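There are 2 protein chains.
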Amino acid sequence: MTQGARIVALECQDIRFPTSLQHDGSDAMNPDPDYSAAYAVLRTDLPGPQGHGLCFTIGRGNEVVVAAIEALRPHVVGRSVDELVRDLGGFSADLVGDSQLRWLGPEKGVIHMAIGTVVNAAWDLAAKLAGKPLWRLLSDMTPDQIVDLLDFRYLEDALTRDEALDILRAGRNGREQRIEALQQTGYPAYTTTPGWIGYSDQKLVRLSREAVADGFTQIKLKVGADRADDARRMALARDAVGPGIRIAVDANQRWSVPEAVEAIKALAPWDPYWVEEPTSPDEVLGLAEIRRAAAPVRIAVGEHVANRVVFKQLLQAGAVDFLQIDACRVAGVNENIAILLLAAKFGIPVCPHAGGVGLCELVQHLAMFDYVAVSASTEDRVIEYVDHLHEHFEDPARIVRGHYLAPTEPGFSSTLKPGSLRAHSFPYGSVWQAIRA
Amino acid sequence: MTQGARIVALECQDIRFPTSLQHDGSDAMNPDPDYSAAYAVLRTDLPGPQGHGLCFTIGRGNEVVVAAIEALRPHVVGRSVDELVRDLGGFSADLVGDSQLRWLGPEKGVIHMAIGTVVNAAWDLAAKLAGKPLWRLLSDMTPDQIVDLLDFRYLEDALTRDEALDILRAGRNGREQRIEALQQTGYPAYTTTPGWIGYSDQKLVRLSREAVADGFTQIKLKVGADRADDARRMALARDAVGPGIRIAVDANQRWSVPEAVEAIKALAPWDPYWVEEPTSPDEVLGLAEIRRAAAPVRIAVGEHVANRVVFKQLLQAGAVDFLQIDACRVAGVNENIAILLLAAKFGIPVCPHAGGVGLCELVQHLAMFDYVAVSASTEDRVIEYVDHLHEHFEDPARIVRGHYLAPTEPGFSSTLKPGSLRAHSFPYGSVWQAIRA
Chain A
1 MTQGARIVAL ECQDIRFPTS LQHDGSDAMN PDPDYSAAYA VLRTDLPGPQ
51 GHGLCFTIGR GNEVVVAAIE ALRPHVVGRS VDELVRDLGG FSADLVGDSQ
101 LRWLGPEKGV IHMAIGTVVN AAWDLAAKLA GKPLWRLLSD MTPDQIVDLL
151 DFRYLEDALT RDEALDILRA GRNGREQRIE ALQQTGYPAY TTTPGWIGYS
201 DQKLVRLSRE AVADGFTQIK LKVGADRADD ARRMALARDA VGPGIRIAVD
251 ANQRWSVPEA VEAIKALAPW DPYWVEEPTS PDEVLGLAEI RRAAAPVRIA
301 VGEHVANRVV FKQLLQAGAV DFLQIDACRV AGVNENIAIL LLAAKFGIPV
351 CPHAGGVGLC ELVQHLAMFD YVAVSASTED RVIEYVDHLH EHFEDPARIV
401 RGHYLAPTEP GFSSTLKPGS LRAHSFPYGS VWQAIRA
Chain B
1 MTQGARIVAL ECQDIRFPTS LQHDGSDAMN PDPDYSAAYA VLRTDLPGPQ
51 GHGLCFTIGR GNEVVVAAIE ALRPHVVGRS VDELVRDLGG FSADLVGDSQ
101 LRWLGPEKGV IHMAIGTVVN AAWDLAAKLA GKPLWRLLSD MTPDQIVDLL
151 DFRYLEDALT RDEALDILRA GRNGREQRIE ALQQTGYPAY TTTPGWIGYS
201 DQKLVRLSRE AVADGFTQIK LKVGADRADD ARRMALARDA VGPGIRIAVD
251 ANQRWSVPEA VEAIKALAPW DPYWVEEPTS PDEVLGLAEI RRAAAPVRIA
301 VGEHVANRVV FKQLLQAGAV DFLQIDACRV AGVNENIAIL LLAAKFGIPV
351 CPHAGGVGLC ELVQHLAMFD YVAVSASTED RVIEYVDHLH EHFEDPARIV
401 RGHYLAPTEP GFSSTLKPGS LRAHSFPYGS VWQAIRA
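Taken in sequence, the protein lines are chains A and B.
Note that the UniProt record's numbering has the first sequence beginning at 1, numbered continuously upward.
Note that the UniProt record's numbering has the second sequence beginning at 1, numbered continuously upward.
Calculated directly from the structure, the hints in this document are not laboratory data.
All the pointers check out, no bait thrown in.
Below are the SDA-like pairs computed for lysine to any residue, each with C-alpha atoms no more than 20 Å apart in a straight line: (1) A/345 <-> B/256; (2) A/203 <-> A/387; (3) A/265 <-> B/156.
All values derive from a computational prediction rather than experimental measurement.
With the sequences and hints as input, model every part of the structure.
The following block contains the structure:
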């Protein structure tokens, strides 16, 4: 059916949502984000589904990611659809390996995020053509097919191809039961909705109580701007939810290494479940030191970690208790699978970063694949959830009793509705025109 | 004279040189670079000098850096020139601290390189207005003025503000003699001109001999594509220059950690002076392991190191023997001064990366400031030199008997000639039109 079909265009759009007006998404480092997406469509000459991908940003600079996606066009347009979906490892390697574009990273920042967007769009296309949600397409691949997707360069001292195969082969045991469990109860979630730093104390307390009533067993608060505020808000939240609910805190990189140790000890009386991004995400050594000094409080990091090489080192250095993958920071599905396998090798649970726009929709597929084929467990594992902007997606993330329901629609759940695209196109969509008026 | 003057525009151009036609600049990771510059001009309403900055890239994607520079325009246009040049620390902090643009890094890749371009353009303007070459402007600042330029966030566990002040105060001793030495004999250089991987054996031998005849005491070869080629070329070069000349080798990130150890041991018989970028520049732990396993061969790294946080860790982990700053990778002069101070704290010599287009012109100023005010030594220190594309600059780097002569013209030596800008504007300049025809 797809024989002879080609990718005929790579279309890009700058999509922004004016979230800063409500302080939604505010934290100590990012006081006024406008959640945005550099949005890419791999258009084929087939009448049916196209490949949709997005890179989440927080406003200004979204156009720079669009420019970087456009720089990838020569690698994409004209390709055979059949060959593309048959060799998504080769496709990813072509993009990452462009010897001139590589200079802009290497393998980090804007160019890497743009590659991730296009690779993810190709996976959306592949899953739609296969008639499966992405998590299921990945879960149905053989261990050999999975490792063929991966770039082991720079990983061999921590994870060889054979070790990856062993992990995936072990993951075949109980696979069917785990698929069934996902289809019945979904994957556990936690919510950051109550804890944005710009929210009032009353709103924090009200939303914390609502989260528990909605079935969540873990919430997250933003901290790091002011020590006294952090303590007061943590106490309020603990009081609101009681001792049985986990409260994670997120410092969004605000502290130096010694500051972090002190700040974490100050929050310890309220039993934080984890402390997220206490310092720079580039701090392999510093995070390891913070973790040792702040024990038994646990450390989570990953949403801003640039690539698999840094994730590898965080694991090697014993710097993390929870690894937080992000669907849009690294070079897409392929690199995230490598990171899931690294985490499994080191026995560290993966608790994906989400929120923003589209991050929940995307990353749920990776966590569910992790459960079915890699970690084989949901113990100590949760996907972040924030109740923003899901209404703009064709196949939105669905939460029931604190769990992500397993997606059933074919694809990567990354398709924005045409009306949402039109209204939020920056700077001339109707939403932005209305704000200026 | 500048009272009331404003920055009235931030102009950007995409400038490319078709260097891939001659294999100039070819290495194992970058076989066909077209040396390029995302070029920025801070235009004032003064009749006199303007601020010129550039970000070196190797071709495709140069337009992405241009887009990122343009994203910085709101931070720049309308500023008072007086206030800008009086508080270049605050200016840099404003750019690095943009809470939305920060998401695109943080502090790495395209957005960080764009910030470096604009910060460097501001320094060019400041130096021109002061009537001094940049190295001299910096060398004439007091220790307190210098530390006010720096962002110590994430550095405090390795370098405090007080420690930086101590280093700079110690650097006042013998300052005048070092300035005089620079003005008389310049700063030692080494040359990579002979060693590009795409050059024939004959060309390698001929250029190696010429380098020695020209007064260089160190050359550099590109390795890492093929083990047998590396050994043959190393043997040819050693034979051509004799035992008294240092031969550094550069693997341009081609190896994994275990491969690097093996490859370095295989080259050891020809006495490599250092091995550069044996693996990923993100590999703090891996580089430390390579250095231990490959001793006494020395390790050099830095041209692709994303920011001061990673440099700090390379020093903390004992991963490097030589630190190679780059003028265009981090956030400009300010962050590079922080890196020079970190290196001084750890007693590691800085040997700047150069070549490309404009890198020699820019980085010589930083190395000379290092000598006058920070390290106070040129022992074991050399600046890379490649004899490409200097003719396009108003104030080109000048090499005599293997030394960079101290620049005397006001500014950062970053101004391209108007005719060169016109001819190499991509894709419609005359040089590119001729190639297409």
